[in-house]
Each structure stands twice: as structure tokens, then as C-alpha cells.
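K.L.:
Residue-level listing of the chains:
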Amino acid sequence: GAVVSQHPSWVICKSGTSVKIECRSLDFQATTMFWYRQFPKQSLMLMATSNEGSKATYEQGVEKDKFLINHASLTLSTLTVTSAHPEDSSFYICSAPTLSADTQYFGPGTRLTVL
Amino acid sequence: DAKTTQPTSMDCAEGRAANLPCNHSTISGNEYVYWYRQIHSQGPQYIIHGLKNNETNEMASLIITEDRKSSTLILPHATLRDTAVYYCIVSPIYNQGGKLIFGQGTELSVKP
Chain E
1 GAVVSQHPSW
11 VICKSGTSVK
21 IECRSLDFQA
31 TTMFWYRQFP
41 KQSLMLMATS
51 NEGSKATYEQ
61 GVEKDKFLIN
71 HASLTLSTLT
81 VTSAHPEDSS
91 FYICSAPTLS
101 ADTQYFGPGT
111 RLTVL
Chain G
1001 DAKTTQPTSM
1011 DCAEGRAANL
1021 PCNHSTISGN
1031 EYVYWYRQIH
1041 SQGPQYIIHG
1051 LKNNETNEMA
1061 SLIITEDRKS
1071 STLILPHATL
1081 RDTAVYYCIV
1091 SPIYNQGGKL
1101 IFGQGTELSV
1111 KP
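So the sequences go chain by chain: E and G.
Per my numbering: the first sequence = residues 1 to 115.
Per my numbering: the second sequence = residues 1001 to 1112.
There may be inaccurate statements among the hints.
[Stated by the list, open to error] Per label pair, the in silico range of CB-to-CB distance: (1) G:Ser1028 to E:Ser73: 42 to 48 angstroms; (2) G:Gln1042 to E:Lys66: 23 to 29 angstroms; (3) G:Thr1056 to E:Lys14: 27 to 33 angstroms; (4) E:Asp65 to G:Ser1109: 17 to 23 angstroms; (5) E:Pro40 to G:Thr1056: 43 to 49 angstroms.
[As the list claims (entries may be wrong)] A few chain G positions that, by computed beta-carbon distances, are all more than 12 angstroms from chain E: (6) Arg1081; (7) Lys1099; (8) Gln1104.
[Unchecked claim] Mimicking DSS-like on lysine-lysine, the simulated pairs with C-alpha atoms at most 27 angstroms apart in a straight line are: (9) G:Lys1111 to G:Lys1099; (10) G:Lys1052 to E:Lys41; (11) G:Lys1069 to G:Lys1111; (12) E:Lys66 to G:Lys1099; (13) E:Lys64 to G:Lys1111; (14) E:Lys14 to G:Lys1099; (15) G:Lys1003 to E:Lys20.
Note that these hints are calculated values from the structure, not bench results.
Note that CB positions come from ideal geometry on N, CA and C, so glycine has one too.
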């Protein structure tokens, strides 16, 4: 079946630095990908829709200048957390709809810890 | 905001059927019912989806009421590996602009 990968699976960084997370669709093309954030014991919160070749669409309350999204190709979207702070520590998950467009496949997630 | 209501938690004995209910009384005509599950510290996994007919696949069965205001996910023979949070989501399919908005889900514990 369709597979979505994320890299890295976990990252620890210092406060004030930037961190890039990659999301790849391994065996299918995705013109759109979605980025979610999940805090401990909470549900997934949709952050933004990543569109290949155009600007990302951010959900209300998500700072677009802090969470930079680039959808450089049909198989790769990146999320960069700029000037990370401890409150940005979370589990970041991406997803991509299948070509048939009736389901979405999720990546394994990236755990970000900001010290 | 999530448009579904699910019980917070449920227990099920290993080998028995797990029946997870979901209320979606405000579902629109073009919205499907999707079920995903998330095992601890992993990304969600697609289980099944349906519009108005009952659906079955190798993982589960989905029973949707005739008025489409509620549904039940059935895991016919639950195993310990089915312990997870199960999310019921209503959404148009992707090419209708659908994106998945997660509610709190049901935490299913399968016990030996």
C-alpha cells in the first residue's frame, strides 16, 4: 500500500534554532500534503495544507512565519519550525491523500523536543 | 471543530468483537465517514470509510445507520495489538476539498 515517510523520527534542538522536518510520499505522487501537530494526551491538530507549486494554506491560529512549509516536488513537503521554543515541543505528523483521493496515509511522525 | 461524538474510552476482551460507536448527526450529503486509529507514538492508520452503505475490509466492518447520523466500527476479533485511539471523522473526499479534522477519539483497551 501507499507509504509516507518522515525524517527525522525525532530531533532535539536548542531554543532559538530552526528545525526542518521532511515528509515524503514513497510510491505515489501527492500534490497536496497535510501537517498536523499533536501534544501529549491530545488529538491531532491540523496546522496547514501544503500545496505543490504554490503557497501553503494555514489553519486559523497557526503562525505561517514560524512554521514554514515548502512543497518542492510531488513527493516531498518540508516543515521548518523557525526559532523554536520549548512550547513548540510536540509530535509533528504529515499525511498525503492517495491518487484515488478517497483516503489519506500518514507518516510515522517526528517528535521534536526543544530545550 | 470536530463534528463527531465518540465515547472517551472502551474496554474489550481479547478475541471478542469490539464495537465502537460514533455520532455524526450533522453530517452533510457529500461527507463520508472515515475511521482511523493511532497506536501510541505512531502516525494514524487508515481503517475504513463509507458513504451510506455498510463496508467491510480485512481490518474491520463499518455499519452506517440509514439516516447516516451514526455509525459503528466493528473489529470482529480484537487482539492486544488493536489497543489504540480510534478516530471517527466525517469529511468530503479529498478532491472535494476534504481535510481530516480529528476529534478526541475513543481509547480502546483490549485486555487478555
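K.L.:
Taking the hints in turn, state whether each one holds.
P.N.:
Each hint, compared with the structure:
1. G:Ser1028 to E:Ser73: 42 to 48 angstroms: Check failed, 34 angstroms falls outside 42 to 48 angstroms.
2. G:Gln1042 to E:Lys66: 23 to 29 angstroms: holds, 26 angstroms
3. G:Thr1056 to E:Lys14: 27 to 33 angstroms: Violated, at about 50 angstroms.
4. E:Asp65 to G:Ser1109: 17 to 23 angstroms: violated, 41 angstroms
5. E:Pro40 to G:Thr1056: 43 to 49 angstroms: violated, 34 angstroms
6. Arg1081: The claim holds: G:Arg1081 sits with its nearest Cβ about 16 angstroms from chain E, beyond 12 angstroms.
7. Lys1099: Since the minimum Cβ distance to chain E is about 6 angstroms, G:Lys1099 lies within 12 angstroms and the statement is violated.
8. Gln1104: Given a closest Cβ separation of 5 angstroms, the condition is violated.
9. G:Lys1111 to G:Lys1099: Given that 27 angstroms is the threshold and the Cα spacing comes to 33 angstroms, the pair is violated.
10. G:Lys1052 to E:Lys41: violated, 32 angstroms
11. G:Lys1069 to G:Lys1111: violated, 30 angstroms
12. E:Lys66 to G:Lys1099: holds, 22 angstroms
13. E:Lys64 to G:Lys1111: violated, 43 angstroms
14. E:Lys14 to G:Lys1099: violated, 33 angstroms
15. G:Lys1003 to E:Lys20: Roughly 32 angstroms separates the two Cα atoms, so the pair is violated.
Of the numbered hints given earlier, the model fails hints 1, 3, 4, 5, 7, 8, 9, 10, 11, 13, 14, 15; all others are met.
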